[in-house]
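When you get a sec, could you build the whole thing from the sequences and use the hints?
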Amino acid sequence: MEIFCLEDFKIQFEKLISKKNYSILEQEIRDYFFDKSVEDLCSGRRLNNSDITPYIKKRLCGRGGFRMYFLLIIKEERLYLMFVHPKTGSMGYENIDDESKAMLYKKVLSCIITKDLYKVEVNEERTGLVFTKVEN
Numbered sequence: 001m002e003i004f005c006l007e008d009f010k011i012q013f014e015k016l017i018s019k020k021n022y023s024i025l026e027q028e029i030r031d032y033f034f035d036k037s038v039e040d041l042c043s044g045r046r047l048n049n050s051d052i053t054p055y056i057k058k059r060l061c062g063r064g065g066f067r068m069y070f071l072l073i074i075k076e077e078r079l080y081l082m083f084v085h086p087k088t089g090s091m092g093y094e095n096i097d098d099e100s101k102a103m104l105y106k107k108v109l110s111c112i113i114t115k116d117l118y119k120v121e122v123n124e125e126r127t128g129l130v131f132t133k134v135e136n
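Quick note on our numbering: the sequence shown kicks off at 1 and runs consecutively.
One or more hints might be untrue.
[Claimed, not checked] Quick list of in silico lysine-lysine cross-link-like pairs, BS3-like style, CA-CA up to 30 Å:
1. K36 <-> K101
2. K10 <-> K115
3. K87 <-> K36
4. K75 <-> K101
5. K75 <-> K107
6. K133 <-> K119
7. K57 <-> K75
8. K19 <-> K119
9. K15 <-> K57
10. K75 <-> K20
11. K15 <-> K119
[Said to hold, decoys possible] Per label pair, the in silico range of CB-to-CB distance:
12. E99 <-> E135: 29 to 35 Å
13. C42 <-> N95: 15 to 21 Å
14. G92 <-> R45: 15 to 21 Å
If you're looking for bench data, these hints aren't it; they were derived computationally from the structure.
From a predicted model like this one, the values you see are computed outputs, not experimental measurements.
Glycine included, each C-beta is placed from N, C-alpha and C at the ideal position.
Below you can see the structure in the form of structure tokens.
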């Protein structure tokens with residue numbers, strides 16, 4: 001499974017992990033998204049009705065933790081991290097509205113076409129994430 005993200009996701013992720021209260025996010029992403037089967041990654045709330053390209057909202061760290069929004073393209077075995085936000089703390093807020101979800105979906109599709117993405121991998125020590133800009 002190849003994992004990519006939008007630049008917006010990368011920026012938000014870096015802001016969050018710089019705060020002590022949210023530093024666990026990096027580990028949670030590593031544990032949930034890497035070295036998993038497609039079936040494992042399909043869990044969560046589907047925001048569309050597609051079995052081929054599910055758009056999923058996933059809770060990490062339970063009810064008060066984080067919300068991850070991602071697109072999974074099963075045939076290509078690719079996952080696109082689109083957005084993350086905490087539910088609690090100084091940067092926390094309630095779930096995003098339907099209009100924002102639709103805008104995220106359109107944006108990820110556009111970024112896939114234009115290759116305006118970052119590839120996300122676990123570093124050699126398996127302690128952090130590495131973001132590499134995709135070449136056009």
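Here's how the hints hold up against the structure:
Simply put, K36 and K101 have alpha-carbon atoms about 25 Å apart, close enough for the 30 Å limit, and the pair holds. Distance restraint check for K10 and K115: the Cα-Cα separation of roughly 15 Å lies within the 30 Å cut-off, and the hinted pair is therefore satisfied. Annotation: proposed proximity of K87 to K36 holds, straight-line Cα distance about 25 Å (limit 30 Å). Restraint check for K75 and K101: satisfied, since their Cα atoms lie roughly 23 Å apart, inside the 30 Å limit.
For a cut-off of 30 Å, the pair hint linking K75 to K107 stands: about 20 Å separates their Cα positions. Only pairs whose Cα atoms come within 30 Å are accepted, and K133 paired with K119 is accepted, the gap being roughly 6 Å. For the hint linking K57 to K75, the alpha-carbon distance of about 20 Å falls within 30 Å, and the restraint holds. Taking the CA atoms of K19 and K119, the gap is near 23 Å; set against the 30 Å cutoff, the hint holds.
With a C-alpha separation of about 20 Å, the suggested pairing of K15 with K57 holds against the 30 Å cut-off. For the hint pairing K75 with K20, the CA-to-CA distance comes to about 38 Å; that exceeds 30 Å, so the pair is violated. A hinted pair counts as satisfied when its Cα atoms are at most 30 Å apart, and K15 with K119 qualifies at roughly 18 Å. With their beta carbons about 32 Å apart, E99 and E135 fall inside the hinted range of 29 to 35 Å.
Between C42 and N95 the beta carbons are some 20 Å apart, a value that agrees with the proposed interval 15 to 21 Å. Take G92 and R45: their Cβ atoms lie about 19 Å apart, and the range 15 to 21 Å holds.
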